[in-house]
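**Q** Sequence:
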Amino acid sequence: FDYDCVSVGQLAVADWDELHAELEAAVKAAQEGGPLPRPPRGSGRVLLQRSDEALAECPLGLLNLALVHFYTALGEDEDKKQSREEVLTLSGYLVDAIAKDFPTHLICSSRWPVFEALEVFTLKLDEQDAGSAASSERSGSCSSGTSAAGVVDWGQLQTLAHAWARLRFFGLESSETERVSRNLAKLMAKVVDRMERARRECPEGVAFVAACQALVAAARLTQHFDFFSDAL
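Note that our numbering has the sequence shown beginning at -15, numbered continuously upward.
Because the hints were derived from the structure by calculation, they are not lab data. C-beta atoms are modelled at their ideal positions from N, C-alpha and C, and glycine is treated no differently. Keep in mind that the hints are not guaranteed to be accurate.
[As the list claims (entries may be wrong)] Computed Cβ-Cβ distance ranges for the label pairs, DEER-style: (1) Arg22 <-> Gly76: 15 to 21 Å; (2) Ala81 <-> Ser165: 33 to 39 Å; (3) Arg181 <-> Ser93: 30 to 36 Å; (4) Ala40 <-> Ala195: 26 to 32 Å; (5) Arg183 <-> Gly26: 37 to 43 Å; (6) Phe86 <-> Arg163: 17 to 23 Å; (7) Gln33 <-> Asp177: 46 to 52 Å; (8) Gln33 <-> Lys170: 48 to 54 Å; (9) Glu162 <-> Pro87: 27 to 33 Å.
Produce the entire structure from the sequences given, and follow the hints as far as they go.
**A** Here it is in structure tokens:
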């Protein structure tokens, strides 16, 4: 199957080459400090009116579009509630459904900038939430797992993960980067050692650890890749 969608015929749902070019340029601009990606021209029609056809024709392209539409709608004003809710509901469903059907390495090896788009949006959300991070980071299903009673201190893991992501995103190599990476690796090792209990305590934290470990395994420790990919 042509997951890059470069050999789709003239009767295609959309011009996938054009959509890819717009997505790639927008994501690259955001990575370099520009505005967040916006949905490509005409992609709303594909998402809202022809998603079934697009799913059969170019599933990873649709995944990329749905991801951008979801985060764009998430940042829109509440006065657009009806259209906003429609886009959030459909795009969220598509992202979840498509991602479940494709292993991480297949998405990573395609030309579609799915994870790159996810990175720029989540980093921006982190910045917007910085004012309330101290109280919110430790709330929810991950609040009870501390180093004394649970697998790890999930709040500490999240704080280190955010710091590490920012340092890596901006390519900063320093003693601070080494310290954050070392402390994060220690906590991640504890999660891996007690994966089943960790999954019950904090599924979001386990998803982060599994994604990081899957990428490492794909590049170096291939015998462990399936384990971490399945954990996602």
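**Q** Evaluate each hint against the coordinates.
**A** Each hint tested on the structure:
Checking the proposed 15 to 21 Å range against arginine 22 and glycine 76 shows it holds: the Cβ atoms sit about 18 Å from each other. Our hint of 33 to 39 Å for alanine 81 and serine 165 holds, since their Cβ atoms are close to 34 Å apart. In this structure, arginine 181 and serine 93 meet the distance hint of 30 to 36 Å, their C-beta atoms being roughly 32 Å apart. Range check, alanine 40 to alanine 195: about 27 Å between beta-carbon atoms, so the 26 to 32 Å window is met.
At roughly 41 Å, the beta-carbon separation of arginine 183 and glycine 26 lies within the given 37 to 43 Å, and the hint holds. Checked against the hint of 17 to 23 Å, the pair phenylalanine 86 and arginine 163 fails, with Cβ atoms roughly 36 Å apart. At roughly 48 Å, the beta carbons of glutamine 33 and aspartate 177 sit within the given window of 46 to 52 Å. Distance hint check for glutamine 33 and lysine 170: the Cβ-Cβ separation is about 50 Å, which falls inside the suggested range of 48 to 54 Å.
For glutamate 162 paired with proline 87, a C-beta distance near 32 Å keeps the hint of 27 to 33 Å intact.
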